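Based on the sequences and whatever the hints tell you, model everything.
Protein chains: 4
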Amino acid sequence: MTAPPSDPAAQALAERVVARMLEHDEFSRWLGLEVTHLAPNAATVRMTVRPEMVNGFGVCHGGVAFSLADSALAFASNTHGRLTVSIENSIRYPAAIKPGDVLTASAVELSASRRLAYFDVTVRNGDGETVALFKGTVYRTSRDLFEHETKHE
Amino acid sequence: MTAPPSDPAAQALAERVVARMLEHDEFSRWLGLEVTHLAPNAATVRMTVRPEMVNGFGVCHGGVAFSLADSALAFASNTHGRLTVSIENSIRYPAAIKPGDVLTASAVELSASRRLAYFDVTVRNGDGETVALFKGTVYRTSRDLFEHETKHE
Amino acid sequence: MTAPPSDPAAQALAERVVARMLEHDEFSRWLGLEVTHLAPNAATVRMTVRPEMVNGFGVCHGGVAFSLADSALAFASNTHGRLTVSIENSIRYPAAIKPGDVLTASAVELSASRRLAYFDVTVRNGDGETVALFKGTVYRTSRDLFEHETKHE
Amino acid sequence: MTAPPSDPAAQALAERVVARMLEHDEFSRWLGLEVTHLAPNAATVRMTVRPEMVNGFGVCHGGVAFSLADSALAFASNTHGRLTVSIENSIRYPAAIKPGDVLTASAVELSASRRLAYFDVTVRNGDGETVALFKGTVYRTSRDLFEHETKHE
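Protein chains in written order, with this note's numbering: chain A, 217 to 369; chain B, 217 to 369; chain C, 217 to 369; chain D, 217 to 369.
It cannot be assumed that every hint is accurate.
[What the hints assert, rightly or not] Here are some chain C residues pointing at chain D (derived, C-beta under 10 Å): (1) V233; (2) D241; (3) L247; (4) L284; (5) R308.
No wet-lab data here; the hints were simulated from the structure. Values in this document were obtained by computation on a predicted structure and should not be read as measured data. Here a beta-carbon is modelled for each residue, glycine too, at the ideal position from N, C-alpha and C.
Listed below in structure tokens is the structure:
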């Protein structure tokens with residue numbers, strides 16, 4: 217959360233949204249995920265691949281890299297405070313991931329309309345090598361993530 | 217593993233490959249994954265969504281459904297005994313998945329050439345509703361999964 | 217348009233929609249596309265690959281197979297009479313396509329919610345070999361395709 | 217072809233490859249495609265949407281934008297002189313494309329191994345608005361595009 221916010225209100229909303237999400241996100245907790253950067257429509261997360269995350273060939277299970285990227289997408293795409301859900305995501309694996317690797321996933325919004333938004337998430341290892349190319353297409357519902365609190369105020 | 221094998225040798229190889237993979241697949245173990253059907257180029261797996269698998273909105277994390285499907289793909293695409301790796305996978309989410317749901321993922325090969333193969337994996341919940349549509353494109357290396365054993369014999 | 221319609225009103229609407237679309241679809245006309253089957257949420261189209269459709273290596277340009285599948289998707293996904301647009305489409309190419317090949321693309325709906333629908337389109341050559349695996353995710357707007365006519369009545 | 221080549225031999229090979237491809241690429245000719253930039257592993261192409269390129273709703277057929285991006289990918293991914301073919305491509309459509317729009321598609325390589333390479337292609341209209349996000353995964357064969365000429369020399 218190091219970038220200077222260009223719009224303090226938008227930045228504050230982004231941080232409030234992601235703090236709320238992290239409270240409930242049990243699977244990201246299991247992954248050991250940490251949010252290292254957050255801004256409106258963007259998020260970077262980090263985790264270390266542990267021995268219990270390998271597949272049948274002893275390398276990191278593809279689902280683990282996908283999950284890290286998917287969490288980055290979820291954080292980035294909900295920063296504006298309206299519930300946003302994945303429609304379709306894909307992942308390509310340019311290089312193998314091994315236990316002990318420190319992975320960083322950065323989600324950026326490429327384009328958005330009222331209902332749809334398009335993101336890329338790049339996953340790199342500790343050497344800066346790209347190990348996964350993830351893209352996500354999301355649907356923005358009209359539901360306010362804080363509607364109940366708002367009504368109570 | 218209920219389907220009558222049409223080719224007993226191919227079926228035996230498929231079972232030997234997947235048994236070997238399961239020995240090392242720590243992440244599938246964490247998922248609670250169970251192989252319920254296996255045949256050459258096809259696999260069905262099952263798991264129950266646990267509370268520690270939810271995302272920030274209390275529904276099943278997208279990465280969990282992806283991981284289940286990805287394991288089904290890995291088992292199905294390696295049944296012929298040559299190391300096969302994912303090139304690109306994608307997932308679409310027609311319906312939400314909740315804690316307690318029993319998910320079944322069935323991988324089938326649609327088409328294959330010498331080096332590439334194309335799979336679909338359908339994930340259904342306990343009511344038979346389709347909750348995820350996954351597709352995988354894989355690369356078949358020339359590496360024999362049992363080359364060391366073979367040499368030792 | 218050979219399948220016996222199970223719901224005559226839905227079938228009549230499907231045929232009315234696609235007839236209207238074909239009137240304006242100049243690119244499908246250039247492709248030489250012909251609708252050979254139509255039903256609610258499903259369409260099959262056919263074309264022959266011509267010499268002016270090849271790429272720099274003398275085989276059918278990937279965009280031509282994609283376009284045929286995309287037209288099949290557009291017809292199938294609009295049959296219910298509400299304007300439906302593509303969000304994201306992808307294509308995999310299991311086999312090369314050559315000039316002279318007669319291609320058939322069949323679109324089927326896998327799953328749908330109020331706003332989103334998920335289709336697969338399979339493209340086969342004249343020997344029945346699968347040459348392209350296309351999938352489409354579409355967004356159903358609330359706009360009635362015949363709203364002006366309806367208002368005039 | 218405006219960028220100063222950092223490696224003159226690689227740049228010369230890229231230009232020789234694409235000149236050869238353009239000689240035979242009848243469909244890119246029909247599209248009215250022009251190569252505006254070329255470098256090793258990168259290409260930018262341009263075309264104008266004509267009235268015969270519309271779909272049943274009077275906007276540019278999705279297959280036309282895909283085809284333009286696919287040609288950019290083909291040029292970029294063959295610049296090193298080995299025959300390279302598409303494994304899987306996808307496209308997302310952030311904004312509608314209309315007849316008369318001047319489209320530019322830029323292909324860049326994100327990552328590559330010996331056999332596989334991963335590209336993004338961004339399609340923009342004349343206002344610089346992103347109208348299509350395309351990605352391509354390609355397979356590099358071992359076939360030299362100029363093997364016959366080489367043998368004759």
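Checklist entry - Taking the closest Cβ pair, is L284(C) under 10 Å from chain D? => result Since the shortest Cβ distance to chain D is 8 Å, the answer is holds.
Checklist entry - Does R308(C) pass the interface check with chain D, least Cβ-Cβ distance below 10 Å? => result Cβ of R308(C) sits 5 Å from chain D, so the hint holds.
Next on the checklist: Holds or violated: the hint that V233(C) contacts chain D, with Cβ atoms closer than 10 Å.
Outcome noted: holds (9 Å)
Item to check | Interface hint compliance - D241(C) to chain D, C-beta minimum distance less than 10 Å | outcome: holds (4 Å)
Checklist entry - Would the stated hint for L247(C) survive a check requiring a Cβ distance to chain D of less than 10 Å? => result holds (8 Å)
Violation of the numbered hints given earlier is absent; every hint is satisfied by the structure.
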